[in-house]
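Residues in the sequence shown are numbered from 41 upward in steps of one, following the working numbering.
Take these hints with a grain of salt, some might be off.
With a cut-off of at most 27 Å between alpha-carbon atoms, the simulated DSS-like pairs for lysine-lysine come out as follows [claimed, not checked]:
#1 143 <-> 193
#2 228 <-> 211
#3 132 <-> 118
#4 132 <-> 149
#5 211 <-> 132
#6 149 <-> 211
#7 97 <-> 211
#8 83 <-> 70
#9 97 <-> 168
#10 257 <-> 211
#11 168 <-> 193
#12 70 <-> 168
Bear in mind the hints are in silico, worked out from the structure with no lab data behind them.
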Amino acid sequence: MFNEIVNDYITQYIRALGTERTGVLFEIEKEIAINNAPYPIIKPEVASLLTVILSIKQPAQILEIGTNVGYSAIHMAKTTSALITTIERDEKIVSIALDNIKKENLQDKITILNEDALNILQTLESSKYDVVFMDCAKGQYINLLQNSIRILKKDGILIADNILHNGIVAKSRYSIDRKNRTIQRRLKEFLWAITHDEHLSSSVIPIGDGISISFKK
């Protein structure tokens with residue numbers, strides 16, 4: 041699939057350097073490839089970057105916003121000894137994610153909150169999490185930001201996936217479809233906020249669909 045962020049041949053080369061996933065992660069990837077299952081999962085190169093970040097950080101508590109079918113949570117659980125709390129509002133998707141987590145015997149490490157992220161984030165304890173990983177509705181990132189920063193510990197890391205949205209964030213609003221203009225505006229607001237917040241040190245990295253990494257000072 042054509043990618044406006046990174047040349048396809050570079051992406052293919054980078055992916056060829058990695059190791060193949062096994063178990064449930066492989067099953068999910070296969071279902072997407074063969075049956076075109078509508079499961080948005082992190083790209084392999086993003087998964088590799090997450091592995092490096094978590095290996096360096098060695099977190100005790102991770103919060104994921106946007107479980108989907110559990111792919112990222114399972115990947116992180118295999119990478120670190122951290123306890124992972126993940127939020128997903130779609131009850132049917134939660135059921136699929138729970139099955140995937142049980143297949144990997146990770147139910148003691150991963151807890152799913154079947155809630156709306158905007159509501160549940162307000163109730164979570166301040167300075168609790170070492171890492172917060174955003175991978176939910178992109179137009180909500182800006183609305184989730186302040187509480188995500190609040191619940192992060194000092195020296196914590198905020199990671200957000202798909203922040204370049206196939207490159208539309210960097211384009212003129214008049215050159216993109218009207219249906220994408222709201223999400224473009226909100227992602228721009230989010231990126232401006234994390235790169236200009238005095239409490240954060242942030243980097244925007246053009247891999248996958250774009251990923252941002254923010255360090256809480």
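So, going through the hints one by one against the coordinates:
At most 27 Å may separate the alpha-carbon atoms for a hinted pair to count; residue 143 and residue 193 exceed this at roughly 31 Å. Distance hint between residue 228 and residue 211 is fulfilled; the C-alpha atoms sit about 11 Å from each other, no more than 27 Å. Proximity of residue 132 to residue 118 is assessed by CA-CA distance (about 24 Å); at most 27 Å being required, the pair is judged to hold. Proposed proximity of residue 132 and residue 149 is supported: the alpha carbons are some 21 Å apart, at most 27 Å.
Between the alpha carbons of residue 211 and residue 132 the distance comes to roughly 35 Å, so the proposed pair goes past 27 Å and is violated. Of the pairs offered as hints, the one joining residue 149 and residue 211 is violated, with about 41 Å between alpha carbons and a cut-off of 27 Å exceeded. Of the pairs offered as hints, the one joining residue 97 and residue 211 is violated, with about 34 Å between alpha carbons and a cut-off of 27 Å exceeded. Taken as a hint, the residue 83 and residue 70 pair is honoured in the structure, with Cα atoms around 14 Å apart against an allowance of 27 Å.
This hinted pair checks out: residue 97 and residue 168 have alpha carbons roughly 15 Å apart, not beyond 27 Å. A distance of roughly 31 Å separates the Cα atoms of residue 257 and residue 211; the hinted pair therefore is violated under the 27 Å criterion. Simply put, residue 168 and residue 193 have alpha-carbon atoms about 6 Å apart, close enough for the 27 Å limit, and the pair holds. Note on residue 70 and residue 168: the hinted pairing is violated, with a Cα-Cα distance of about 36 Å set against a maximum of 27 Å.
Comparing the model with each earlier hint shows violations of hints 1, 5, 6, 7, 10 and 12; every other hint is respected.
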